[in-house]
Amino acid sequence: DGGITQSPKYLFRKEGQNVTLSCEQNLNHDAMYWYRQDPGQGLRLIYYSQIVNDFQKGDIAEGYSVSREKKESFPLTVTSAQKNPTAFYLCASSIARQGPGETQYFGPGTRLLVL
Amino acid sequence: GQQLNQSPQSMFIQEGEDVSMNCTSSSIFNTWLWYKQDPGEGPVLLIALYKAGELTSNGRLTAQFGITRKDSFLNISASIPSDVGIYFCAGSNNAGNMLTFGGGTRLMVKP
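If you read the protein sequences in the order shown, they are chains A and B. Taking the numbering used here, the leading residue of the first sequence gets 1, the next gets one more, and so forth. Taking the numbering used here, the leading residue of the second sequence gets 1001, the next gets one more, and so forth.
Since the hints were made in silico from the structure, they are not lab data. No experiment lies behind these values; they were computed from the predicted model shown. For every residue, glycine included, the Cβ atom is placed at its ideal position computed from N, Cα and C. Don't take every hint at face value.
[To be verified] Residues from chain B that face chain A, not an exhaustive set, calculated with beta carbons under 8 Å: (1) L1033; (2) E1041; (3) G1042; (4) P1043; (5) L1045; (6) A1048; (7) F1088; (8) L1099; (9) F1101; (10) G1102; (11) G1103; (12) G1104.
[Unchecked claim] In the DSBU-like style, the derived pairs of lysine-lysine whose C-alpha atoms are separated by at most 35 Å in a straight line are: (13) A/K9 <-> B/K1110; (14) A/K70 <-> B/K1051; (15) B/K1051 <-> A/K71; (16) B/K1070 <-> A/K71; (17) A/K71 <-> A/K57; (18) A/K57 <-> B/K1110; (19) A/K9 <-> A/K70.
Full structure from sequences and hints, please.
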């Protein structure tokens, strides 16, 4: 089945530790995105990538890093510089094209908790 | 930057009632999307709108792309308990396929 997978579903992080969240898609989409969602809040864009080996900062990139070495994978690293990492993290992908905005499809999310 | 105002923030309704929620923007969008998010899950696309004035239905859901291109609404008819969740609007203005999200409408349905 085609879709977006995120792992793990739950992740615990100790203070000062870096952790990496996985996002994989087999939809052959060019663009991938990472969002952060806090309780009762909307989605805020962390990073996005329109093409392999290229990515751009979103609205809240500080304390996060990404890589896009393969079209189907866009891992997010939450670094120790992110002082409030506890949140629900959502990965999305879309077909990148010019013209009207392309629909983004979301993965099931990863909930990150700081111990 | 762009902002989307989504209202109401929450609704608590009786099963069988109709529901209406809307989003307004300070600037023009060329695409409006409506998503539903169940607790602990990722948002799922409900309806996509690509043309000003467009009215699109998906079962009991109906959404419209406002003529001014600065607003959109979503209606749910004859609500059922499984409609419970958070509904998000999102708009795009061709800027690299980026979406701006509303703050969400939390819907609760009383059986």
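message: If you test the structure against every hint from before, which numbers come out violated?
response: Number 18 - this is the single hint that the structure violates.
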